[in-house]
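There are 2 protein chains.
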Amino acid sequence: MDGRNFILKGDICYSKTRTSLATAEQSFLVCAEGKSAGVFSQVSQIPLPYRAFPYIDHTGKLIIPGLVDLHIHAPQFAFRSLGMDLELLDWLETRAFPEEAKYQDTGYALRAYTALVKDLQQGPNTRICLFGTVHVPATLLLMELLENSGLVCMAGKVNMDRNSPDTLREQDAACSVAATREWLERCGTYTRCKPILTPRFIPSCTDELLRGLSEIQQQYNLPLQSHLSENLKEIAWVQALCPQSSCYGDAYTRFNLFGGPVPTIMAHCVYSGNEEIALMQRQGVHVAHCPQSNMNLSSGIAPVRRYLEAGLSVGLGSDVAGGAHTSMFRAMTDAIGVSKLRRCTGTGAEAPLTLEEVFYLGTQGGGSFFGQVGSFEAGYEFDALVMEDPHPVPPFPLSLRERLERIVGCSDERDILEKYVQGILLPR
Amino acid sequence: MDGRNFILKGDICYSKTRTSLATAEQSFLVCAEGKSAGVFSQVSQIPLPYRAFPYIDHTGKLIIPGLVDLHIHAPQFAFRSLGMDLELLDWLETRAFPEEAKYQDTGYALRAYTALVKDLQQGPNTRICLFGTVHVPATLLLMELLENSGLVCMAGKVNMDRNSPDTLREQDAACSVAATREWLERCGTYTRCKPILTPRFIPSCTDELLRGLSEIQQQYNLPLQSHLSENLKEIAWVQALCPQSSCYGDAYTRFNLFGGPVPTIMAHCVYSGNEEIALMQRQGVHVAHCPQSNMNLSSGIAPVRRYLEAGLSVGLGSDVAGGAHTSMFRAMTDAIGVSKLRRCTGTGAEAPLTLEEVFYLGTQGGGSFFGQVGSFEAGYEFDALVMEDPHPVPPFPLSLRERLERIVGCSDERDILEKYVQGILLPR
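As given, the protein sequences belong to chains W and U, one line each in that order. Residue numbering for the first sequence follows the numbering used here, starting at 18 and increasing by one per position. Residue numbering for the second sequence follows the numbering used here, starting at 18 and increasing by one per position.
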């Protein structure tokens, strides 16, 4: 037994299923060796081995799982909410790529990434998958900061050897592959921030590079993150670059970079059709739904309910700086909002997402990419937030579900009293 | 000359036209007798009568006009972000009406309205048009609290004598008219919170009531606020209730309650067609665009650019609790976001709204309902916010326009250092 053994008392809320909440008022959540040992309504129900654990009384506070951001671009945090008047490809060229090129300078990277990591520590997310830049030193620096933050993350050195400015593009596939190997050798000591293979997207990566990354993936058994079917012009471009592929997802599949044995996140999936959905389903690809980014960059509204009904694993992503906000509470409300607009504008016939569903997406849905994460069922890793009801509290009684609804809709980081990751209380 | 004579130094930003910003770094904004006397880049340019005014140095801070919320339901603030799974008519029946009925109890109203007014004081809005409830005492209480808040507001006792629950509906048209007259007599002493006639919407008001309100309007020369073309089922219902009307706006026009000599706000206008637009244009009706509410209640996306191009006066509204946030900065970003989705889903072909345009809508656009409000052009009433750049500040230089973009996109009330209304500094 280590120090990560304790009991939190409070009003506990987590996803029971994709469409239902477990709510337990004035109950006891047991953390044993950094994992949940379950939720109990009475002290007498707590199994004997745990009953003597130190006890922290959060009576009247909400206790929910930590949130999971499956998709954020670390070097874009600095310019979030700036320059949102362009669509994806022009925005990359004009805004994102020139900014990312600056991370060649590790001094710049240190300033910018320090600010990002501080924001992430203060916010409600406990697990995060991040894109870095092509630069090995800056990406290692990012991972070092994340490692020390207490968060559990996956971060990737980005690969891009074509269709990007000289200031950012790697010289050729061999250089990109060699840099990736160097990065992997040098980040091996981190225990909380793990590497994830990060080819930017098909337009940025030559076939030779993708083949090289596939070899690396097999050698190191690495998870992978990339982009998929975000924007109609991007999709047409991929089709032109890979005329033999039957869909965008197939362009990755030809290099064995589309799920299968290792966990894979594809961000956006605004326009995935039946074939791509079937491919994702077969290959166990995780979808990172990024509703705010898809609005800000005029990409569209992803048919999330279709993916859920097809049995895909779906989580949420901030996609900063396509999105301007790192909190997954904001992503939850945005996901509900755009799903309503999808239906009422006649863009899709699916029913809008519910509070229960988006809460699931932002906790257990995304958490599944990290393993047993995002729930308080026994055996899940102990990521938890202790939250205050956002002020001012209404002058009428609220159910626990309603209190959760208010936290999702109008809390901010000031309402987070405690944040645990793998059973460890982070400093605030 | 009274005490409202001073000069603010800082980085000043306001709308020059509907589509362009005036930006003046390290400049001087003169307040003379509660009105702007203009912006000057050098002390030597400040006209002599003002040059000796007390001088407040906000070097490095942004100074922008106060924001204007043209549409908020005061009694709905308490349940903002709750119960957002319904569309308008069901939501009114299930959520809004039962809550509003509680304001019969002035003790309850005092608790709830005190929390609302504190939120409004802390936030960036300086001018607000509010719906109260049908209850005279609660509405007077709301006005008393607003009067003492330092904000400049218009608030209305709501009229509704049909199609609403017994607990809320007024007994008949005569009772509603009598209560309105009582309310008007009793709120005559307020100088900063003025009454505004507030028939809820056509479905809640009998013809007899609307005729009575029209008489009151002519007698007192009162402005008016109501709802228009928010939701397709609502529009069909209005058509069924008023089969002789050619459009929803025409249903108000038949009672002389659709603009003309007195200022009139119609909230939402999601589905106003050509005839209704022409009617609004002719009658000078002000549109309150409420993008978040229209998303939350699955109403749709208003064609704001069409209204602007038709020459309508448009401002923004939070429509709490259809919307969950009182800040007009949030309404600005939502207005841009949904305008992008309107286009990229093919719902409308209009170009998305720009930062310049939504900033105009949230300041001068809405401000025009209050007169010369929402700008720093000489002669405008002096409503101003002194704002900090939201932290963390990016590690690269920003133009003043970009700093404004960040304030709109990611500031909160903590970034507001000072708030002036009509030249008076509000306590924070």
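Careful: at least some of the hints might be erroneous.
Identical copies look the same in the list; a pair holds intra-copy or inter-copy alike.
[To be verified] Straight-line C-alpha distance at most 30 Å; calculated DSS-like pairs for lysine-lysine: (1) Lys-119 - Lys-78; (2) Lys-33 - Lys-250; (3) Lys-78 - Lys-135; (4) Lys-52 - Lys-250.
Worth flagging that the hints you see were computed from the coordinates, not collected in a lab.
Okay, the hints, checked on the actual structure:
1. Lys-119 - Lys-78: between (43 Å within a copy, 27 Å between copies)
2. Lys-33 - Lys-250: Neither way: Lys-33 and Lys-250 sit 39 Å apart in one copy and 35 Å across, limit 30 Å.
3. Lys-78 - Lys-135: both (24 Å within a copy, 23 Å between copies)
4. Lys-52 - Lys-250: Close neither inside one copy (45 Å) nor across copies (50 Å); limit 30 Å.
Checked against the numbered hints above, the structure breaks hints 2, 4 and satisfies the rest.
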